[in-house]
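The primary structure of each chain is shown beneath.
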Amino acid sequence: MNKKFSFLLVLVLALSTFLAACSSSSSDKAGSDNKSGSGSGSGKKDQVLNLIATAEIPSMDSTLATDSVSFLVMNNVYEGLYRLGKNNEPVLGMAAEEPKVSADGKTYTFKLRDAKWSNGDPVTANDFVYSWRRAVDPATAAEYAYMLYDVKNAEEINTGKAKPDALGIKAVDDKTLEITLKNNVPYFKSLLSFGTFYPENEKFVKSQGKNYALEANTGVYNGPFTLSDWKHEQSFQLKKNPTYWDKDTVKLNTINFNIVKDTATAVNLFETNKVDRVTLNAEFVDKYKNNKEFGSYPETSVFFLRLNEKNKVLANRDARKAIDMAWDKKSFVDVILNNGSQPANYLVPSDFAKGPDGKDFRETNGDLSKLDVAEAKKLWAKAKKEAGFDKVSLELLNYDDDNSKKISQYLKEQLESNLDGLTITIKPQPFKQKLDLESKGNYDFSFAGWGPDYQDPMTFIDMFVTGGAHNQMGYSNKQYDKLVADAKGPLLSDLNARWKAMLDAEKILMDDAAISPMYQRGTSYLQRDYVKGIVKHPFGGDFGYKWASIEQ
Amino acid sequence: MLRYTLQRIVYMLITMFIIATLTFFLMKLLPGSPLKSQDKLTPEQITIINEKYGLNDPLPVQYVHYLGNLAKGDLGSSFQYDNRPVTELIGNRIGASAQLGFQALILGSIVGLILGIIAAIRHNTIFDYGATVLAVLGISIPSFVFAGFMQYILGVKLQLLPVALWEGFSYTIMPTIALSGFVIANISRFMRTELLEVMGSDYIMLAKAKGMSGTGIIIKHALRNALIPVITIIGPLAVNIMTGSLVIEQIFAIPGLGEQFVKSISMNDYTVIMGTTIFYSALFIFIIFVVDILYGVIDPRIRVAGGKK
Numbered sequence: 001m002n003k004k005f006s007f008l009l010v011l012v013l014a015l016s017t018f019l020a021a022c023s024s025s026s027s028d029k030a031g032s033d034n035k036s037g038s039g040s041g042s043g044k045k046d047q048v049l050n051l052i053a054t055a056e057i058p059s060m061d062s063t064l065a066t067d068s069v070s071f072l073v074m075n076n077v078y079e080g081l082y083r084l085g086k087n088n089e090p091v092l093g094m095a096a097e098e099p100k101v102s103a104d105g106k107t108y109t110f111k112l113r114d115a116k117w118s119n120g121d122p123v124t125a126n127d128f129v130y131s132w133r134r135a136v137d138p139a140t141a142a143e144y145a146y147m148l149y150d151v152k153n154a155e156e157i158n159t160g161k162a163k164p165d166a167l168g169i170k171a172v173d174d175k176t177l178e179i180t181l182k183n184n185v186p187y188f189k190s191l192l193s194f195g196t197f198y199p200e201n202e203k204f205v206k207s208q209g210k211n212y213a214l215e216a217n218t219g220v221y222n223g224p225f226t227l228s229d230w231k232h233e234q235s236f237q238l239k240k241n242p243t244y245w246d247k248d249t250v251k252l253n254t255i256n257f258n259i260v261k262d263t264a265t266a267v268n269l270f271e272t273n274k275v276d277r278v279t280l281n282a283e284f285v286d287k288y289k290n291n292k293e294f295g296s297y298p299e300t301s302v303f304f305l306r307l308n309e310k311n312k313v314l315a316n317r318d319a320r321k322a323i324d325m326a327w328d329k330k331s332f333v334d335v336i337l338n339n340g341s342q343p344a345n346y347l348v349p350s351d352f353a354k355g356p357d358g359k360d361f362r363e364t365n366g367d368l369s370k371l372d373v374a375e376a377k378k379l380w381a382k383a384k385k386e387a388g389f390d391k392v393s394l395e396l397l398n399y400d401d402d403n404s405k406k407i408s409q410y411l412k413e414q415l416e417s418n419l420d421g422l423t424i425t426i427k428p429q430p431f432k433q434k435l436d437l438e439s440k441g442n443y444d445f446s447f448a449g450w451g452p453d454y455q456d457p458m459t460f461i462d463m464f465v466t467g468g469a470h471n472q473m474g475y476s477n478k479q480y481d482k483l484v485a486d487a488k489g490p491l492l493s494d495l496n497a498r499w500k501a502m503l504d505a506e507k508i509l510m511d512d513a514a515i516s517p518m519y520q521r522g523t524s525y526l527q528r529d530y531v532k533g534i535v536k537h538p539f540g541g542d543f544g545y546k547w548a549s550i551e552q
Numbered sequence: 001m002l003r004y005t006l007q008r009i010v011y012m013l014i015t016m017f018i019i020a021t022l023t024f025f026l027m028k029l030l031p032g033s034p035l036k037s038q039d040k041l042t043p044e045q046i047t048i049i050n051e052k053y054g055l056n057d058p059l060p061v062q063y064v065h066y067l068g069n070l071a072k073g074d075l076g077s078s079f080q081y082d083n084r085p086v087t088e089l090i091g092n093r094i095g096a097s098a099q100l101g102f103q104a105l106i107l108g109s110i111v112g113l114i115l116g117i118i119a120a121i122r123h124n125t126i127f128d129y130g131a132t133v134l135a136v137l138g139i140s141i142p143s144f145v146f147a148g149f150m151q152y153i154l155g156v157k158l159q160l161l162p163v164a165l166w167e168g169f170s171y172t173i174m175p176t177i178a179l180s181g182f183v184i185a186n187i188s189r190f191m192r193t194e195l196l197e198v199m200g201s202d203y204i205m206l207a208k209a210k211g212m213s214g215t216g217i218i219i220k221h222a223l224r225n226a227l228i229p230v231i232t233i234i235g236p237l238a239v240n241i242m243t244g245s246l247v248i249e250q251i252f253a254i255p256g257l258g259e260q261f262v263k264s265i266s267m268n269d270y271t272v273i274m275g276t277t278i279f280y281s282a283l284f285i286f287i288i289f290v291v292d293i294l295y296g297v298i299d300p301r302i303r304v305a306g307g308k309k
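If you read the sequences in order, they're chains H and P.
Just so it is clear: in the first sequence, position 357 is 357 by the working numbering, and no numbers are missing.
Just so it is clear: in the second sequence, position 50 is 50 by the working numbering, and no numbers are missing.
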């Protein structure tokens with residue numbers, strides 16, 4: 001009886017290896033089969049774009065939203081005074097013309113164009129007043145209320161020191177809007193394209209009460225598309241908005257989103273022509289990188305190691321510099337991430353903000369640190385003397401997902417082999433717990449990231465001012481603090497000097513090795529040839545479909 | 001019977017109360033805030049927002065407040081999904097999970113029982129070993145490997161079934177099969193063992209001695225007795241399917257509740273943690289109750305309330 005049993009087992013195993021072999025060898029064929037199949041796809045002539053969303057939409061209430069899926073949808077169904085254009089410059093949206101700006105740069109007067117909500121109501125100046133006041137009202141508990149803090153009295157209202165009607169925004173008449181700022185910030189126009197600044201139709205919001213924007217038909221839209229169907233956790237659909245002021249520019253009739261969380265599943269859907277575009281992870285990049293439908297682009301999120309100066313070793317500048325120089329960022333990005341990310345030797349991402357001279361911030365400041373193991377070893381030896389230690393154990397705080405575990409392992413291996421006497425213990429923690437430990441300063445060094453809140457280097461630069469909420473690592477440099485304070489205050493009226501101050505501030509941060517920058521995140525994707533004109537935005541909603549089309 | 005049912009309902013409510021209390025305090029031990037953009041906000045801003053949700057109150061106050069709302073049937077609103085009521089959030093997702101779970105349980109039970117019976121009747125033959133191998137594979141191959149493999153072969157290569165999504169019956173076939181593997185394996189092993197034991201007992205010998213046919217004995221006497229322990233495990237298996245469908249739901253992009261159950265914990269979404277926990281435990285308690293009642297139907301000897309007086 002044993003014989004029979006083992007025979008059967010062998011048979012099953014043999015069969016399974018055979019099947020497995022089949023599946024891997026024939027994968028290339030699948031790719032070519034589908035290309036011919038896609039030619040007859042009905043999507044082509046109908047101007048229908050089929051996409052994937054990685055999560056359910058958390059919120060369609062522009063005052064409350066804080067996440068990328070919500071902002072992606074909102075950027076295409078709502079519109080503020082400005083919207084980010086094809087070249088990621090703010091272009092006129094609900095504003096009919098460029099505003100009149102007062103001499104001190106603090107008062108903006110906008111004329112609104114004759115635009116309509118999808119229920120036929122006109123978009124009025126009051127819609128902006130209503131939504132902005134609602135956002136800063138502490139009773140709303142909007143997490144992104146702080147986005148409006150550049151507007152006069154916004155912070156006072158949000159912290160309960162003033163009434164919402166004291167906010168620096170006024171409807172002069174139905175079509176004229178006057179905005180007063182606290183500071184004459186140069187990035188205000190692009191800020192106006194951000195979700196929290198969208199108008200809301202007061203009458204409609206109030207009539208829906210608690211149900212406002214919870215379903216497709218309890219929301220009202222003023223953007224290029226409307227949310228026409230929303231099956232929670234499953235799919236949602238955008239339709240061309242017939243009441244949009246610039247509807248002639250919009251070519252797509254329908255955008256279908258299916259919610260798919262698993263990358264392998266998404267790729268399989270792409271292979272079977274169910275979707276026109278899919279985001280890849282590291283495993284699939286190797287498989288598809290020579291495919292002509294493959295592409296990648298840099299995002300504007302930067303990841304770095306926080307080096308907590310509460311630790312006596314990390315309080316030493318040479319020790320921090322040694323750590324920054326002792327690990328190979330290039331092979332980290334190529335091997336561990338492999339998704340179009342680029343190694344970072346800086347804090348402010350590339351392709352994000354241009355200065356008064358028209359040059360990218362990154363182009364001017366360049367790389368501010370480099371891999372140099374020999375120099376790192378020297379600095380490490382020096383730090384040992386200065387701080388008086390021979391062996392040290394540091395704890396690396398990180399998230400507990402698979403990818404973060406790989407990152408931790410890589411850093412541990414690199415740093416331990418290049419810096420004598422250093423031992424690294426890895427502490428993986430669930431998402432919120434990791435953030436909590438970090439904000440309390442209970443860690444030695446940690447993996448962290450930052451994405452921009454507005455289109456200006458300051459959103460990155462001011463993170464590490466002495467005592468700042470996002471410093472979280474006890475870093476302090478008076479010269480740097482002063483440059484940041486100047487750039488936020490006196491230099492606002494001298495944009496060239498302000499830009500220079502920000503460039504210098506970044507140099508100081510990097511010279512102090514306050515952080516060890518890791519990478520600027522990138523995304524790799526596959527997209528059908530017939531999909532044209534999807535615009536990738538550096539902040540706010542990730543993509544604009546206003547100019548997208550399906551072409552033969 | 002009625003008295004027994006009422007008694008059980010009281011016990012069920014007490015159990016629910018204990019579960020709700022324990023979950024509430026354990027959940028509050030989790031560090032971090034339920035706010036979505038905790039990493040972007042300053043501590044002062046977090047305090048302002050917490051004020052609105054009553055999160056600055058002392059824990060006992062929050063607890064009493066929560067129980068009060070719970071008694072009214074109000075589970076509160078989600079933090080991750082702004083202002084969306086938790087009952088609605090569960091309601092939107094439970095349909096797909098329930099359908100999938102139900103189909104997988106039915107398919108798994110039927111196939112499992114048949115395999116188990118074949119293995120028992122033809123024990124120590126090739127059929128028995130075949131069923132054993134299937135059961136071992138069913139338990140040891142992780143469902144995501146099996147599901148991914150099936151998706152690739154049937155969906156991408158042969159294009160017999162849709163790869164993923166949730167748009168009609170054909171979309172449910174692959175996830176149902178993937179999810180039922182575990183059930184098939186468990187039930188077939190249980191059924192085989194129980195049936196073999198029953199077949200060896202004295203009264204079956206007697207039935208054989210009296211000249212009853214083999215099939216008659218199995219259907220009339222053996223099966224009925226062998227089913228009792230099997231029904232016991234269907235209860236936990238059903239709950240297992242409901243809570244364990246997370247992976248299958250991800251792979252086949254099914255709009256189910258599985259992910260929320262896990263994600264709400266990592267996001268500290270207090271109201272959703274409480275809502276899903278209460279929902280799942282109510283379901284579990286209810287299934288156990290149904291199983292207890294079923295015992296009596298199948299085997300009068302163990303009628304729960306001690307039988308009719």
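Simulated from the structure, these hints should not be mistaken for lab results.
Incorrect hints may appear among the rest.
Derived list of chain P stretches under chain H, where covered just means 3 residues or more per stretch with a C-beta under 8 Å from a C-beta of chain H [as the list claims (entries may be wrong)]:
1) 45-58
2) 107-113
3) 218-229
4) 280-287
With a Cα cut of at most 25 Å, we get these calculated BS3-like pairs of lysine-lysine [unchecked claim]:
5) 157(P) to 440(H)
6) 261(H) to 161(H)
7) 161(H) to 157(P)
8) 86(H) to 261(H)
9) 52(P) to 287(H)
10) 40(P) to 488(H)
11) 289(H) to 263(P)
12) 86(H) to 247(H)
Beta carbons are placed, not taken as given, at the ideal position from N, Cα and C, and that holds for glycine.
- Query: Given the hinted pair residue 261(H) and residue 161(H), is their alpha-carbon gap at most 25 Å?
  - Reply: 43 Å, violated
- Do at least three Cβ atoms from the stretch 107-113 of chain P come closer than 8 Å to Cβ atoms of chain H? violated (count 0)
- Message: Between the alpha carbons of residue 289(H) and residue 263(P), is the straight-line distance 25 Å or under?
- Response: With Cα atoms ~32 Å apart, residue 289(H) and residue 263(P) exceed 25 Å; violated.
- Query: Taking 25 Å as the top limit, are the C-alpha atoms of residue 40(P) and residue 488(H) close enough?
  - Reply: Status holds; Cα separation ~19 Å.
- Restraint status (C-alpha distance of residue 161(H) to residue 157(P) at most 25 Å): 64 Å, violated
- Proximity test - 8 Å, beta-carbon atoms, the stretch 45-58 of chain P to chain H, at least three hits: With 6 residues in contact (Cβ-Cβ under 8 Å with chain H), the coverage given for the stretch 45-58 of chain P holds.
- Item | Restraint status (C-alpha distance of residue 86(H) to residue 247(H) at most 25 Å) | 16 Å, holds
- Message: When I compare C-beta atoms, does the stretch 280-287 of chain P have three or more residues closer than 8 Å to chain H?
- Response: Since 0 is below three, the answer is violated.
- Item | Hint consistency between residue 157(P) and residue 440(H) [alpha-carbon to alpha-carbon, up to 25 Å] | Status violated; Cα separation ~52 Å.
- Are there three or more residues in the stretch 218-229 of chain P whose C-beta lies within less than 8 Å of some C-beta in chain H? violated (count 0)
- Query: Under the criterion that the straight-line Cα-Cα distance not exceed 25 Å, is the pair residue 52(P), residue 287(H) satisfied?
  - Reply: 50 Å, violated
- Message: For residue 86(H) and residue 261(H), compute the direct alpha-carbon distance and say whether it is at most 25 Å.
- Response: 29 Å, violated
Violated hints, listed in ascending order, are 2, 3, 4, 5, 6, 7, 8, 9 and 11; each of the other numbered hints is respected by the structure.
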